[in-house]
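Colleague: The residues making up each chain are set out below.
2 protein chains.
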Amino acid sequence: MSDKEIPDVIVGRLPRYLRALQRIANDGQRTTSSQELGEQLGISAAQIRKDLSQFGEFGKQGTGYSVTFLVSQLQQILNVDRVWDMALVGAGDLGHAIAHYQGFADCGFRIALVFDSDSQKIGTHVGGFIVQDSASLVAAVKAAKITIAMITVPSNSAQMVSDQLVQAGVRAILNYAPVILNVPDEVHVQYIDPVIHLQRMTFYLD
Amino acid sequence: MSDKEIPDVIVGRLPRYLRALQRIANDGQRTTSSQELGEQLGISAAQIRKDLSQFGEFGKQGTGYSVTFLVSQLQQILNVDRVWDMALVGAGDLGHAIAHYQGFADCGFRIALVFDSDSQKIGTHVGGFIVQDSASLVAAVKAAKITIAMITVPSNSAQMVSDQLVQAGVRAILNYAPVILNVPDEVHVQYIDPVIHLQRMTFYLD
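Taken in order, these protein sequences are the chains called C and V.
Just so you know, the working numbering puts 172 at position 172 of the first sequence, and the rest follows in order with no gaps.
Take the position in the second sequence, starting the count at 1, then add 1000; the result is the number in the working numbering.
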């Protein structure tokens, strides 16, 4: 089945499976089951089996899944059996936090370039990176052939930054600014929005 | 239909509908359609109609939805027709960024207390709040009757902070630390994990 035919809602669950499996691997466990994964993730075992079956036969009836095999298969499916260089645009508090984030390395990602338009920040060090002038963003991102970027600028400049990133060849944007970005169809955008997560929980509170 | 019977995957879409509707309202538009919402969100119009129909009849055939009415209905359903006080634990870069975040106010949330265990940070100001000693967390959160918290501490202390929050009566936790928290069944946890979003996009890249 080609990528295009896999429903996006299934694709959205695969990184969570991979995350859980990597945790299980770190605990030294060699096999797991859809039941165990399901309990960790709050997803039914049947759903997990059904999702994975879209991509092939990964487990054996009765013996479960080999953790390392399923990790490597999911890494291939998600194209993170390689390391993607990323551009980070916005070197404020949030940009600093992300530049220092330790969680990218083992998951297929690496920050390669950091930009800001504030002359006070340009040339300073953020998490091992020298902040570059956003004026050079298009040329620098294009030269480095970077296709993934994170936007941590204020809301009112997020669309402009997004336009520049797209112009530079970026095809996947993780946007922390609370605005919806207009991008061409072939560019993927994901949003980090704490309000969405909070409201999902208040539904259950009273 | 009681809250318990609504599938969680539908609940997860409601905040996105509300977000889109508030944007439409801000643009001065008075009515909208499931088609328009669907285009903005990348969700089919049929799915949106089906989701909303779980909660009642909100639109009229041919005339669409009244934006303000649907906003107020969704706010009621999600329990954000009130303002929830929140505790923020961890006053590092990420905590600073969140304390300064302007997006909570109109969405039903307000930071009320900020904690850190670092003596260098305790007593300092972060986004209008004085950072309190985490040693006083349980008593202070309990006294303020706060039921929602955000965790922005390093991974190795996140579970301890979570235990303290639960002990203090917190029932919903938004966790930015890249670890899975063990909480009692009645406590809700949502995770902000950039890797999950990035891997969801690399699936489509090559």
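Just so you know, these hints were derived from the structure itself, not from any lab.
Treat the hints with care, as some may be off.
As the list claims (entries may be wrong) - From the structure, some residues in chain C lie toward chain V, with a derived Cβ separation under 8 angstroms:
no.	residue
1	G59
2	D93
3	A112
4	K121
5	H125
6	I180
From the three backbone atoms N, C-alpha and C, an ideal C-beta is built for every residue, glycine too.
Colleague: It remains to establish, for every hint, whether it holds in the given structure.
Modeller: Right, here's what the structure says about each hint:
1. G59: violated (21 angstroms)
2. D93: holds (4 angstroms)
3. A112: With a closest approach of 14 angstroms, the A112 of chain C hint is violated.
4. K121: violated (14 angstroms)
5. H125: At 14 angstroms from the nearest chain V Cβ, H125 of chain C fails the 8 angstroms test, so the hint is violated.
6. I180: holds (7 angstroms)
Consistency note: the structure conflicts with the earlier hints numbered 1, 3, 4 and 5.
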